[in-house]
Amino acid sequence: MTEVRISLVGYGVVGHGVVEVLERKRQLMGEIGLDLTLVSVTDHTGTYLAPDGVVAKDILDHRTLEGVANSDMAAREVFGSIDCDLVVEVTPTNIVHGQPGLGHMVDALSMGKHVVTSNKGPLVVDYRRLKDLARKNDVALKFEATVGGTMPLISLIERTLVGNTILGIRGIFNGTCNYILTRMAEEKYPYNHALTEAQELGYAEADPSYDVEGVDTAGKVAILANSIFDMDVKYGDVEVTGITGITPESLILAHKRGYAVKLIGEVPALTVKPMLVPLGSPLAVGSTLNAAAIYTDLSGTITVTGLGAGRIETASAILSDIVSIYRGNHVDAQRS
Amino acid sequence: MRLSMDLEMEDKPGQLLMALEPLREQKGNIISVLHHRDKKTPRGTIPVRVILEMDRSRLETVKGQLQANGIMVVRAGEERFLEEITVLLVGHVLDRDLGDTVHQIDSTGFAEVVDLSLSMPGIDEPSSAYLRIRATGKDEIQKAMSILRQVCVQKDLLVIEPIEADEP
Ligand SMILES: NC(=O)c1ccc[n+]([C@@H]2O[C@H](COP(=O)([O-])OP(=O)(O)OC[C@H]3O[C@@H](n4cnc5c(N)ncnc54)[C@H](OP(=O)(O)O)[C@@H]3O)[C@@H](O)[C@H]2O)c1
Chain A
0 MTEVRISLVG YGVVGHGVVE VLERKRQLMG EIGLDLTLVS VTDHTGTYLA
50 PDGVVAKDIL DHRTLEGVAN SDMAAREVFG SIDCDLVVEV TPTNIVHGQP
100 GLGHMVDALS MGKHVVTSNK GPLVVDYRRL KDLARKNDVA LKFEATVGGT
150 MPLISLIERT LVGNTILGIR GIFNGTCNYI LTRMAEEKYP YNHALTEAQE
200 LGYAEADPSY DVEGVDTAGK VAILANSIFD MDVKYGDVEV TGITGITPES
250 LILAHKRGYA VKLIGEVPAL TVKPMLVPLG SPLAVGSTLN AAAIYTDLSG
300 TITVTGLGAG RIETASAILS DIVSIYRGNH VDAQRS
Chain B
0 MRLSMDLEME DKPGQLLMAL EPLREQKGNI ISVLHHRDKK TPRGTIPVRV
50 ILEMDRSRLE TVKGQLQANG IMVVRAGEER FLEEITVLLV GHVLDRDLGD
100 TVHQIDSTGF AEVVDLSLSM PGIDEPSSAY LRIRATGKDE IQKAMSILRQ
150 VCVQKDLLVI EPIEADEP
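Going line by line, the protein sequences match chains A and B.
Residue 0 is where the first sequence starts when you use numbering that gives the first Met the number 0, and the numbers rise one by one after that.
Residue 0 is where the second sequence starts when you use numbering that gives the first Met the number 0, and the numbers rise one by one after that.
Certain hints may be false.
To give an idea of the interface, some chain A residues facing chain B are shown, with a C-beta separation under 7 Å as derived from the structure [claimed, not checked]:
(1) Gly167
(2) Val276
(3) Leu278
Keep in mind that the hints were calculated from the coordinates and are not lab data.
Heads up, the beta-carbon is just placed ideally off N, CA and C, and yes, glycines get one too.
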């Protein structure tokens with residue numbers, strides 16, 4: 000049995016999901032030879048330390064660690080003072096400066112700890128540096144959950160499709176936009192109405208601009224460009240058009256001619272814009288689904304779809320990343 | 000009648016003039032010349048596509064003269080619109096002179112708008128237009144699209160292009 004001692008940084012929606020999923024999958028993980036032990040949880044208010052393993056029910060009902068934390072250590076001090084092998088970083092995304100996640104990841108990698116994350120910011124802002132740090136310290140940096148949530152994309156390309164040259168990737172990487180466009184097309188709702196509905200259902204934030212103006216998708220495009228296409232780009236290198244100008248009439252017009260309109264991110268073209276997708280295309284998924292078409296030289300076009308966000312779904316992508324570090328070899332350490 | 004000719008010529012100065020002269024002599028009205036300098040053939044020649052209005056009966060004479068001038072005629076005949084693309088425009092499509100938008104494509108000679116439908120929800124509200132554009136080839140489609148994109152930037156219209164048009 001391999002014991003993996005995990006520190007969790009960030010205890011919001013995804014952080015709670017990670018705690019829950021680690022608990023639920025304990026036995027299954029044991030069957031494949033992994034003893035995944037959560038030894039610390041850190042948020043803004045402090046840290047909950049449990050050297051013998053966090054008991055999920057002791058903290059899951061608390062929205063934050065306020066009143067539960069038994070230490071006031073910040074993430075960096077936690078990594079330096081307790082015995083842990085792997086850091087799960089799930090603090091809020093900032094694609095301009097990458098903080099606080101960037102600092103957490105630099106600290107963790109420098110101290111020789113694997114990092115698994117759903118936080119796009121640091122990977123958009125400073126991918127090269129993080130990757131180099133991981134390589135230098137012979138640890139893994141895994142971030143499947145940052146692009147397309149639970150939809151397997153990066154691991155599919157790095158493992159299953161290895162040997163293929165990837166010619167390009169196009170996809171729907173934002174469930175909020177896809178939900179809004181789907182509802183506008185189905186119900187002939189004006190944009191604002193569909194947005195309000197998405198907000199009421201919890202699919203869109205109170206300030207939706209990050210999603211609907213294509214910023215989130217552009218961040219994902221930058222991550223794919225850096226990781227799959229070995230480019231060195233930032234958010235500003237992506238040409239972005241969001242969905243706020245789309246009208247229900249235009250969607251009806253498109254539909255009559257056999258098309259759906261989707262917000263499509265594309266690499267290595269580095270564009271995000273609404274595009275016409277044939278209704279029969281595997282990319283024409285509805286609701287909050289994400290989808291990606293991978294264009295390869297040997298395998299033709301491969302399309303994957305899946306839920307792009309959600310507490311448990313995102314935690315599931317994080318769990319897969321953790322398992323892949325210990326089951327396979329270190330992809331990072333091997334890739335030159 | 001509108002004709003198109005695919006020519007190949009050597010990569011040296013003056014060649015294009017040698018090719019266009021016989022066309023003018025035969026009262027051909029040249030609509031467009033696409034000089035594919037970037038697509039040199041293995042023979043080292045440069046492909047050129049000329050689209051012109053001319054009486055078809057003069058075609059054989061023109062071909063003879065071109066060959067005499069050392070220009071290879073690969074194909075000549077009625078112009079065919081072989082490629083097609085659909086696009087959606089959203090915004091104040093009508094107010095920003097839709098006629099002009101269409102004209103900018105049609106006046107290229109190598110592309111034209113063959114289908115157009117409009118949706119106008121109400122005065123002052125953004126309208127949308129569905130356009131089908133045909134052109135003589137894939138490159139011409141791309142050229143027509145870049146013209147359309149430019150026009151739409153000026154007119155502040157959103158251009159929604161089909162995903163299948165240029166797969167990576
Ligand atoms: N939600 C999804 O479905 C989803 C899907 C894919 C990716 N993601 C990404 O995953 C990350 C987490 O998302 P989320 O929805 O869980 O966000 P969230 O609910 O806002 O949670 C963020 C957590 O990070 C904590 N935090 C902030 N600054 C910190 C610091 N300096 N040190 C330690 N903890 C800090 C916050 O603590 P306080 O509450 O004390 O401030 C909070 O617990 C984001 O980067 C997001 O983009 C989310």
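Just pull the numbers of the violated hints for me, sorted ascending.
Of the numbered hints given earlier, the structure breaks just one, which is hint 3.
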